[in-house]
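S.K.: Based on these hints, arrange chains A and X on the given structure of chain P.
Keeping their order, the protein sequence lines are chains P, A and X.
Mapping of the first sequence onto our numbering: position 437 corresponds to residue 437, and the numbering continues sequentially without gaps.
Mapping of the second sequence onto our numbering: position 16 corresponds to residue 16, and the numbering continues sequentially without gaps.
Mapping of the third sequence onto our numbering: position 299 corresponds to residue 299, and the numbering continues sequentially without gaps.
Hint data in this document are derived by calculation from the structure and do not stem from the laboratory.
By construction, the Cβ of each residue, glycine as well, lies at the ideal position given by its N, Cα and C atoms.
It is possible that some hints are incorrect.
[As the list claims (entries may be wrong)] With a straight-line cut-off of 20 Å between C-alpha atoms, the simulated SDA-like cross-links for lysine to any residue are:
(1) Lys33(A) / Tyr148(A)
(2) Lys173(A) / Ala383(P)
(3) Lys54(A) / Ala202(P)
[Stated by the list, open to error] Residues of chain A clear of chain P, computed beta-carbon distances all greater than 12 Å:
(4) Met1
(5) Ala9
(6) Ala13
(7) Ile62
(8) Leu63
(9) Pro66
(10) Tyr114
(11) Gly137
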Amino acid sequence: MIDLILNLAPAWALEHAAPLLIMVPLVLAPILAVVPSGRIAWIMSIAATVGSLLLAIVLLGLVQTTPGNVLSYAVGGWRPPLGIELRVDSLNAMILLMISAIAVLASIFSWPTVNAEIPVRKRPLFYSAFLICFAGLAGVAITGDAFNLFVFLEISSISTYVLVALGAGRDRRALPAAFNYLIMGTIGATFYVIGVGFLFAATGTLNMAEMATMLPELSGNRSIHAGFAFIIVGLGLKAAMWPLHQWLPNAYAYSPSFVTMFLSATATKVALYALIRFLFTVFRPDFAFEQASFMFLLAPLAMAAMVICSFQACFQTDVRRVLAYSSVAQVGYMLLGVSIGTTIGLSAGLLHMFNHAMIKGALFMAVAGVVLTYQGTHVRDFAGLGRSAPWTMTGFAIAALSLIGVPLTAGFQSKLQLGYALFDHGWWWAVAVVVFSSILAVIYMGRILEAIFFQPPLNPRKHRKEAPILLLVPLWVLALANIYFGIAAGFPIGLARDAAAAAFGVEAFR
Amino acid sequence: MLEFVLERANYWAIIGLMMIGLYITFAAENMIKRLVGISVFQTSVCLFYITLGKVAGATAPILFGPDIEGHHGGGHAPATGDDAHGAGEHASTGLDAALTAAGATEPAELVNTYSNVLPHVLILTAIVVGVATLSVGLALIVRIRESYGTIEADEVREIDMQTATAQELEADKNLSEAGA
Amino acid sequence: MTPELLITLIMIVPLIIAGGIGVAGKVPNIREAVTLIGAAILFGLVVMLVMQVAGGARPELVLGEAAPGLLFAFKVEPLGALFAVVASGLWIVNSFYSIGYMRGNRERNQTRFYICFAVAIFGAMGVAMAGNLFTLFVFYEILTLSTYPLVTHKGDAAAQRGGRIYLLTLLATSIGLFLAAIMWTWALAGNSLAFVDGGLLAGANISPAVASALLVLFAFGVGKAGLMPVHFWLPNAMVAPTPVSAFLHAVAVVKAGVFTILKISMYIFGADLLASTPAREFILWTACFTIIVASLVAMTKDNLKARLAYSTVAQLAYVTAGAMLANQAGFLGGGLQIAAHAAGKMTLFMCAGAIYVATGMTNISDMRGLGRKMPIVFIAFFVAALSIIGIPPLAGGWPKYELMQGAINGGEPFVLAVLIGSSLLNIIYLLPIPILALMPPPGTPEPKPFKRAGGAPFLTVAAPVFTASLCVVIFFFAGDIANFLAPAVSGGTATSIIGAQP
Numbered sequence: 001m002i003d004l005i006l007n008l009a010p011a012w013a014l015e016h017a018a019p020l021l022i023m024v025p026l027v028l029a030p031i032l033a034v035v036p037s038g039r040i041a042w043i044m045s046i047a048a049t050v051g052s053l054l055l056a057i058v059l060l061g062l063v064q065t066t067p068g069n070v071l072s073y074a075v076g077g078w079r080p081p082l083g084i085e086l087r088v089d090s091l092n093a094m095i096l097l098m099i100s101a102i103a104v105l106a107s108i109f110s111w112p113t114v115n116a117e118i119p120v121r122k123r124p125l126f127y128s129a130f131l132i133c134f135a136g137l138a139g140v141a142i143t144g145d146a147f148n149l150f151v152f153l154e155i156s157s158i159s160t161y162v163l164v165a166l167g168a169g170r171d172r173r174a175l176p177a178a179f180n181y182l183i184m185g186t187i188g189a190t191f192y193v194i195g196v197g198f199l200f201a202a203t204g205t206l207n208m209a210e211m212a213t214m215l216p217e218l219s220g221n222r223s224i225h226a227g228f229a230f231i232i233v234g235l236g237l238k239a240a241m242w243p244l245h246q247w248l249p250n251a252y253a254y255s256p257s258f259v260t261m262f263l264s265a266t267a268t269k270v271a272l273y274a275l276i277r278f279l280f281t282v283f284r285p286d287f288a289f290e291q292a293s294f295m296f297l298l299a300p301l302a303m304a305a306m307v308i309c310s311f312q313a314c315f316q317t318d319v320r321r322v323l324a325y326s327s328v329a330q331v332g333y334m335l336l337g338v339s340i341g342t343t344i345g346l347s348a349g350l351l352h353m354f355n356h357a358m359i360k361g362a363l364f365m366a367v368a369g370v371v372l373t374y375q376g377t378h379v380r381d382f383a384g385l386g387r388s389a390p391w392t393m394t395g396f397a398i399a400a401l402s403l404i405g406v407p408l409t410a411g412f413q414s415k416l417q418l419g420y421a422l423f424d425h426g427w428w429w430a431v432a433v434v435v436f437s438s439i440l441a442v443i444y445m446g447r448i449l450e451a452i453f454f455q456p457p458l459n460p461r462k463h464r465k466e467a468p469i470l471l472l473v474p475l476w477v478l479a480l481a482n483i484y485f486g487i488a489a490g491f492p493i494g495l496a497r498d499a500a501a502a503a504f505g506v507e508a509f510r
Numbered sequence: 001m002l003e004f005v006l007e008r009a010n011y012w013a014i015i016g017l018m019m020i021g022l023y024i025t026f027a028a029e030n031m032i033k034r035l036v037g038i039s040v041f042q043t044s045v046c047l048f049y050i051t052l053g054k055v056a057g058a059t060a061p062i063l064f065g066p067d068i069e070g071h072h073g074g075g076h077a078p079a080t081g082d083d084a085h086g087a088g089e090h091a092s093t094g095l096d097a098a099l100t101a102a103g104a105t106e107p108a109e110l111v112n113t114y115s116n117v118l119p120h121v122l123i124l125t126a127i128v129v130g131v132a133t134l135s136v137g138l139a140l141i142v143r144i145r146e147s148y149g150t151i152e153a154d155e156v157r158e159i160d161m162q163t164a165t166a167q168e169l170e171a172d173k174n175l176s177e178a179g180a
Numbered sequence: 001m002t003p004e005l006l007i008t009l010i011m012i013v014p015l016i017i018a019g020g021i022g023v024a025g026k027v028p029n030i031r032e033a034v035t036l037i038g039a040a041i042l043f044g045l046v047v048m049l050v051m052q053v054a055g056g057a058r059p060e061l062v063l064g065e066a067a068p069g070l071l072f073a074f075k076v077e078p079l080g081a082l083f084a085v086v087a088s089g090l091w092i093v094n095s096f097y098s099i100g101y102m103r104g105n106r107e108r109n110q111t112r113f114y115i116c117f118a119v120a121i122f123g124a125m126g127v128a129m130a131g132n133l134f135t136l137f138v139f140y141e142i143l144t145l146s147t148y149p150l151v152t153h154k155g156d157a158a159a160q161r162g163g164r165i166y167l168l169t170l171l172a173t174s175i176g177l178f179l180a181a182i183m184w185t186w187a188l189a190g191n192s193l194a195f196v197d198g199g200l201l202a203g204a205n206i207s208p209a210v211a212s213a214l215l216v217l218f219a220f221g222v223g224k225a226g227l228m229p230v231h232f233w234l235p236n237a238m239v240a241p242t243p244v245s246a247f248l249h250a251v252a253v254v255k256a257g258v259f260t261i262l263k264i265s266m267y268i269f270g271a272d273l274l275a276s277t278p279a280r281e282f283i284l285w286t287a288c289f290t291i292i293v294a295s296l297v298a299m300t301k302d303n304l305k306a307r308l309a310y311s312t313v314a315q316l317a318y319v320t321a322g323a324m325l326a327n328q329a330g331f332l333g334g335g336l337q338i339a340a341h342a343a344g345k346m347t348l349f350m351c352a353g354a355i356y357v358a359t360g361m362t363n364i365s366d367m368r369g370l371g372r373k374m375p376i377v378f379i380a381f382f383v384a385a386l387s388i389i390g391i392p393p394l395a396g397g398w399p400k401y402e403l404m405q406g407a408i409n410g411g412e413p414f415v416l417a418v419l420i421g422s423s424l425l426n427i428i429y430l431l432p433i434p435i436l437a438l439m440p441p442p443g444t445p446e447p448k449p450f451k452r453a454g455g456a457p458f459l460t461v462a463a464p465v466f467t468a469s470l471c472v473v474i475f476f477f478a479g480d481i482a483n484f485l486a487p488a489v490s491g492g493t494a495t496s497i498i499g500a501q502p
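The following block holds chain P by itself, in its conformation from the complex (with noise of 0.2 Å):
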């Protein structure tokens, strides 16, 4: 498959597919604000983010085969220290992947739904701003320059909130909930930008990779500590890092669907993502600071999230919020990989991201249609669907199954990784945590299943109101893509552990 892409790809393609990946994009919002129909709009939509998805496939391609697995582009001619960078090695290789081919689905996905949710005019601006974010999003993962970074996680913030504020027309509760989402992602942008600074006060450059090679020198530095800990909270913040995730459930539970599925499967990995990239390429996890902060920070706040927004999860009521405060736990396990600090630990957390998106995505897609022919997230609103949309039902709860790391399933894959990380670091302890907070998972995804399965129907409805094809061929698309992972998780696996490697710059791991 990479190779056929390879194979066809024109020599343009592949000398700049770095740049393109986010231009094509870009350059295509712009165009979409002033088209005048909303289908035309989404259709080049989709072609946008299937070009994406063939360059992303392109650059993991590249970096697979070129030695040293590391592809720099220079922006616009400038050399690397000083210009901009564009670096691509297999940890961001596998990001890109992944936002990509989610964006493509849930581009595919957004039609029913925009059409139910989204007036008619502002369509075309609707998929103008999800091309801006997406295009941020790509630009975070892609880029080697750490202010490029913060410049790059505005654009997709910003497009962002408009669009988690378009869901006023459902709920107005969506406003206030994305001014809050504002106010807690431009304060935490600000401080990963006050992190940068120091970090450039100290080494005089903002390429990251240069940084990277500063940085030991000065690890004794209390600059570089100070913005260690700026970046932290920064980054921590936008990738809803308990306890800063209060902006999370709000925007999650009342933004349009389809902005909830792509940003629940999108925008907080690329977050994360960041401060992977921080923590091991830039920082080193051998740094005594960073170890403690490890040990101290990193691991306790991924277990609270773990645990308290697991409970919190079982006492929703609203379903999207079940979701929400789900999400919060489950990234709770990609940081307590992290912060395991070893090649395997942050493989393991790589992984659970990448199943993460898988099942948050499908979820929240089955969600989505349960709104387009309900109008209702309310779990009592779920009671006897199994019978009335067995296809979009199915669909849920097989990624739901995954959720809770049922064997055969890509959670159960993740889950096995992280228990095999910790063990091997000797931190048992926590897996007695990610055990508790996985049976926390089963009773509030049990919960909805329950409803959806084994109650009778609120109202009884004489018609199978299944949702529309367009939402199901990529729920199903995702729903089935769980089960392969499941049982065949190599490539996954392989991803995972390539990215880690290369994000502690070790070559012969794997």
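M.R.: Frame of chain P, contents of chains A and X only:
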């Protein structure tokens, strides 16, 4: 002691502004005020970057006097060059020198001392980002005011709570009716 | 047929059956024919495989890699083959019985019921033939999930509550403790989960504390084994229709649990490491405690199925106790108990079901004198009860004998006392039921008339009679079973243990 404090006057001001901005953001219930706080916070970061770029005794980073002759207008080449690659190669030596000066030592080739140009450029971008955020925020406030009739965060929360309770009651009523 | 092909077929046939049932769901007769023919074919295949295993073959089949180092692998050894033959053989009987029961009771959703049964057998076969812990765990969970709809089959509030407890307990223990133990094993054994003769961890350098913690995680993580205090799902699962209860207790679920415990003791720990693990004693005591306390609780239950459920908790703790004795006789006793208890408990449950279909009675106190009306059922019950108690010439005698032998060899004389006490308690809580039914004390009022015209359907009577006769047959073939198991329980060395045999 006094010298220590005064030498870092810029930083004290920045820290002060930062704290004020953050405090307003968290403490104010009025949404406009929260945006004001965010703006103050962001501006303090801009000041922080500018302060970092200042080199003692240096002037604004525009080449003048003997430096222009010495470098064959190297600094201008990328701006005018159509072929980005060629221009980049050509200009790289001069720029390297100029920009590595950002953090540490003064380059030997330049006669005049310039402040670091990079933070200025960065902050230009950051200001644009800040303005964009501010405008989106203000637009959101307008919409909130339209649909809630208030821009006080606590009142909005109150209204939301009331709506949620009312919805819950209605749903329960429907449920009991269906049961009956 | 090559053994690999046989394994593949054994795994595929239940799925084909499930599909066939689904397709033929509209026509009950064809649907039932699919179940029965499929069950017969499956049993035939398993028997062919057992023949090859008895000939010394240890067929293996690797399906693929789920993740680097995690193989989907099957490997058939005598213990697994025994479990497979017990499960697939009793499935035929159970299917006949289910048909009679479900039709007699006019249950709803019969198609779903039979599909879930077939999937559950698929899970049981996978557990039996798993070549490593990972594969075993996967099928263990399939078994859990596929039996949940069976337990809640009635669909009323009580069934849902029971089903929820069933699912939550089994999932929580398996994900919570069992999975953690698997991950730990994986880390300790250097990225391997394979079942190795003599024990996967035997050569690893493991401190007694770690081995103890691991053993405790396994023993309680395998919730299906019903070791106290994780036994309570079993009585709660009693809300299920009787064929399901029979299936849970005798054929697959609890059996899969104790089988897993045996398998872990033999192939993950190995007798030597197990014997030197301090927590072994603790688990042994827990098993003995379970045997006695569950028997005592059984005495207090008037509901027949509840009494049988606690009896199962007690009887299957024998297997755990046998595993924890960590010697040949102990393992052998555990293996024999799997087969012997299957026949006995299956009979008891099917009798209970026959009584329920015919009269609607569930309480023991109502059954006095009922034996006059249903003599065959109660005679079968009597035979099975004797077998459970362990009276020769019935199947239950041998496992008890072997376990006692193991207790003496292992220097654990108190186990001896526990086993004897358990037999006495069995007499007290099981025997009065058929005796009072067949020979009611004078003055007992006539039992109520049959609820269903004609009494119990033929199939629900024939099936328990057949399994009751199996109890007798197994007694005489115990030596063969022991010889069959010998290579497995002696840790891979083919020493003859016939000396300690009948």
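S.K.: The structure should be examined with respect to each hint, and the outcome stated for every one.
M.R.: Verification of the hints:
1. A threshold of 20 Å between alpha carbons decides the hint, and for Lys33(A) with Tyr148(A) the separation of about 18 Å falls inside it, so the pair holds.
2. With a CA separation close to 17 Å, the supplied pair Lys173(A) and Ala383(P) stays within the 20 Å bound.
3. Distance restraint check for Lys54(A) and Ala202(P): the Cα-Cα separation of roughly 14 Å lies within the 20 Å cut-off, and the hinted pair is therefore satisfied.
4. Every CB of chain P lies more than 12 Å from the CB of Met1(A), the least distance being 19 Å, so the non-interface label holds.
5. Listed as a non-interface residue, Ala9(A) keeps its Cβ farther than 12 Å from every Cβ of chain P; the least gap is roughly 17 Å.
6. For Ala13(A), the non-interface assignment is confirmed: its Cβ lies about 15 Å from the closest Cβ of chain P, beyond the 12 Å cut-off.
7. For Ile62(A), the shortest C-beta to C-beta distance to chain P comes to about 18 Å, beyond the 12 Å cut-off, and the non-interface label holds.
8. With a cut of 12 Å on Cβ distances, Leu63(A) stays outside the contact zone with chain P, its closest approach being about 16 Å.
9. No Cβ of chain P approaches the Cβ of Pro66(A) within 12 Å, the least distance being about 23 Å, so the stated non-interface status holds.
10. Non-interface status of Tyr114(A) relative to chain P is upheld: no Cβ of that chain comes within 12 Å, the nearest being about 15 Å off.
11. A beta-carbon of chain P is positioned within 12 Å of the beta-carbon of Gly137(A); the least distance is around 5 Å.
Going down the numbered hints, you'll see the structure goes against just number 11.
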